[in-house]
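For the protein sequence lines, the chains are Z and G, in the order given.
Heads up: the first sequence begins at 1 in the numbering used here, then just goes up one per residue.
Heads up: the second sequence begins at 1001 in the numbering used here, then just goes up one per residue.
Bear in mind the hints are in silico, worked out from the structure with no lab data behind them.
Treat the hints with caution; some may be incorrect.
Said to hold, decoys possible - Which residues of chain G face chain Z? A few of them, derived with a C-beta cut under 7 Å, are:
(1) M1001
(2) E1005
(3) R1007
(4) G1055
(5) L1057
(6) T1059
(7) A1108
(8) D1124
(9) D1144
(10) A1164
(11) R1165
(12) R1172
Said to hold, decoys possible - Pairs of lysine-lysine, DSS-like flavour, derived with a Cα cap of 27 Å:
(13) K139/Z / K1006/G
(14) K1138/G / K1179/G
(15) K38/Z / K1089/G
(16) K108/Z / K1006/G
Claimed, not checked - Computed far set for chain Z versus chain G, every beta-carbon distance over 10 Å:
(17) R80
(18) R97
(19) N128
(20) G132
(21) G133
Beta carbons are placed, not taken as given, at the ideal position from N, Cα and C, and that holds for glycine.
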Amino acid sequence: MFEKEHLAIASVPMQRWGELYDEQEALDNGTVFPDLNKPFFVMEGAPVPERKAAGTPGEQQREHMLLQIQKVSFVVDDVRLYMDTHPRDAQGLALLRAMLGKRKQLLKEYAQQFYPLTIDCMADACENVPEGGCYCWQKGPTPWEGACV
Amino acid sequence: MWIYEKRLQYPVKITKTCPKTAQLIISQYGGPDGELSASMRYLSQRYTMPDKTVGGLLTDIGTEELAHMEIICAMVYQLTKNLSVEEAKTAGFDAYYIDHTAALWPQAAAGVPFTAKEFQSKGDAITDLTEDLAAEQKARTTYDNLLRMIPDPEVRDPLKFLRAREVVHFQRFGEALEKTKESLRPENFYYFNPEFDKQFLKK
Chain Z
1 MFEKEHLAIA
11 SVPMQRWGEL
21 YDEQEALDNG
31 TVFPDLNKPF
41 FVMEGAPVPE
51 RKAAGTPGEQ
61 QREHMLLQIQ
71 KVSFVVDDVR
81 LYMDTHPRDA
91 QGLALLRAML
101 GKRKQLLKEY
111 AQQFYPLTID
121 CMADACENVP
131 EGGCYCWQKG
141 PTPWEGACV
Chain G
1001 MWIYEKRLQY
1011 PVKITKTCPK
1021 TAQLIISQYG
1031 GPDGELSASM
1041 RYLSQRYTMP
1051 DKTVGGLLTD
1061 IGTEELAHME
1071 IICAMVYQLT
1081 KNLSVEEAKT
1091 AGFDAYYIDH
1101 TAALWPQAAA
1111 GVPFTAKEFQ
1121 SKGDAITDLT
1131 EDLAAEQKAR
1141 TTYDNLLRMI
1151 PDPEVRDPLK
1161 FLRAREVVHF
1171 QRFGEALEKT
1181 KESLRPENFY
1191 YFNPEFDKQF
1201 LKK
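So that you can see chain G by itself, here it is in the shape it has in the complex (with noise of 0.2 Å):
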């Protein structure tokens, strides 16, 4: 069960159309690092997870991800909410604004739609951990990337504060590592799969 708060998560107020900037920044919703990919790969991968404590954070991070997912969007909204066709034109959005007008649809800065190819819930927790680890990674160099490229300040100020909860992200996913790895064989992590094969964990 979900509830919804009416509120961001982080304000967004963005006062200049800028269809270019809009374009890019969409890779965040529906991109291969993206927030909507981000957040159903943590809330797939939860299911299984070996230690209960480790599915929560992973909850509670896959929550996140879903109101980050929306600050990207409350963004690529305001940036094209007042478009003009000719800038629609003039900026390379005219693609974009054929298939969806000034809708939001999650896809990658070139046009490739989301898709669950994006990630993995491979079914073993140092495997998805690991995944997890390199996905916040994947995302700061998305932000990073995104804020070199990007000048008003206005747009720039929301992308900081996301990229900041990535690096918080890797670190909570390096931790809930650690505490998978108490319940496996020391001498050799690989011995079993932690989420098959339950009857070798440590009690």
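Just chain Z, same shape as in the assembly (with noise of 0.2 Å):
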């Protein structure tokens, strides 16, 4: 399994690109990696919560964007830190810019249609605005109060 064997230190055999889950089995799992999902006995069978948008309509449109955001975004997070130790990866590298693509896109029509996330997405939610605008870095709400899905 190890190209070259050593004693008296710790070895950790590199992960090769292999199967992925896609973006909703990634965020479920923890991780993009089938590989690298090794689950705790006591979770198994476990019920999922159901997890439901409450409010208006306006309000649960919100969240399912929100929850695309998280799911695309947590594939770059896990993809990133593979491409960290991985830096020739030409699969994981494509797979990390398909899906910054994605993000970009996403962040914008959030920022666009609701608030933004990141003070560079103000940018993205003033474009519409006529001269003047309102300060908006602060609307929505925060991210501890459940609003998360």
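Put the two chains together into one complex, using the hints given.
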């Protein structure tokens, strides 16, 4: 398994690119890589809590879009760490670039429809607002209020 | 420099007040193997790493740990935000309540305050990466223990996600250790300290 074996030091085999989960499965399992999914036995068959978006249709639409952002961004997070240790992996790079494009688009749409998630997104939120506009960085619920799905 | 993104990495929506559960999971905020100590460990160790890409990995994982700290804090907050004083008394949350009411403060489950004594930044890449491997395992075991004790599916769901991240980070630190070995002498990895005796590093 190891290319070189050495005594008196820890060794971990390098991961190889393989099967991937889709965006929803990745968020559900805490990784996009099935090879790294090592669940704890007490969680076997545990019920997944039902996540029903509450509130007005507008609110539901907002939460749905935020979940899309969470899913795509999580694939970015996980693949970025993979690329940190596999900088020449072409398949990883292609996936990262695709997800970054998707994330950028979603963040922009979210800012335009609801409120900006980062300060840079404020520019997107103000794009269609005539001269002046409003200071919208403080708009929207705080993340810890359970407004994230 | 850091940029804040106004969302959690993983959704947290807890509808039932439970100060007892809050008191247990607060350990992953300020406890010995919690997310705050994880973040401070990696963000402290990164400056002197001999391999720039390992320093980069420590930045990325240290940043993700900050997001995990926010998830844990959101859970504690939601478990106690509608707390009555009666609930605080009966659930064993009373001692915490006296000092902090329902605010967030980093401590271990047993009440020990957060301290930098919980992690090391030793200035030797092999030593620090070996600590990081152990740190991920200790955090995983803490999540295992929490998952055994806590029945509420709304609480278990984000805990399961956070536990899975520890396993992924362990793999990445292992790979970072392999990378670090490349600049050392294979016949004796301990011939010099790669962060201090830089003249011996293989280019």
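So, going through the hints one by one against the coordinates:
This hint is violated: M1001/G has a C-beta 12 Å from the nearest C-beta of chain Z, more than the 7 Å allowed. Interface restraint check for E1005/G: the shortest CB-CB distance to chain Z comes to about 5 Å, inside 7 Å, so the restraint holds. Checking R1007/G against chain Z: minimum C-beta separation of about 5 Å stays under 7 Å; hint holds. Of the supplied interface hints, the one on G1055/G is violated, with its beta-carbon coming no nearer than about 10 Å to a beta-carbon of chain Z, more than 7 Å.
A least Cβ separation of about 4 Å between L1057/G and chain Z falls short of the 7 Å threshold, and the interface hint therefore holds. Against a cut-off of 7 Å between C-beta atoms, the interface hint on T1059/G is violated, since the closest Cβ of chain Z lies about 9 Å away. A distance limit of 7 Å between C-beta atoms decides the matter here; for A1108/G the minimum to chain Z is near 21 Å, and the interface restraint is violated. Hint status for D1124/G relative to chain Z: violated, with the closest Cβ pair at about 13 Å, above 7 Å.
Hint on D1144/G holds. Least Cβ distance to chain Z is approximately 5 Å, under the 7 Å limit. A cut of 7 Å between beta carbons decides the hint on A1164/G: the least distance to chain Z is about 3 Å, and the hint holds. Hint status for R1165/G relative to chain Z: holds, with the closest Cβ pair at about 6 Å, below 7 Å. Evaluation of the R1172/G hint against chain Z yields a held restraint, the C-beta minimum of about 5 Å falling below 7 Å.
Straight-line distance between C-alpha atoms of K139/Z and K1006/G comes to about 10 Å, which keeps the hinted pair within the 27 Å bound. The hinted pair formed by K1138/G and K1179/G meets the criterion: a straight-line CA distance of about 23 Å does not exceed 27 Å. Under the criterion of a C-alpha separation no larger than 27 Å, the hint pairing K38/Z with K1089/G is inconsistent with the structure, at around 38 Å. Our distance criterion of 27 Å between C-alpha atoms is met by K108/Z and K1006/G, whose separation comes to about 14 Å.
Not every C-beta of chain G lies more than 10 Å from that of R80/Z, the closest at about 6 Å, which undercuts listing it as non-interface. No Cβ of chain G approaches the Cβ of R97/Z within 10 Å, the least distance being about 17 Å, so the stated non-interface status holds. The beta carbon of N128/Z is kept farther than 10 Å from every beta carbon of chain G, the shortest such distance being approximately 20 Å. Annotated as non-interface, G132/Z keeps its C-beta farther than 10 Å from every C-beta of chain G; the closest such distance is 23 Å.
Every C-beta of chain G lies more than 10 Å from that of G133/Z, the closest at about 18 Å, which supports listing it as non-interface.
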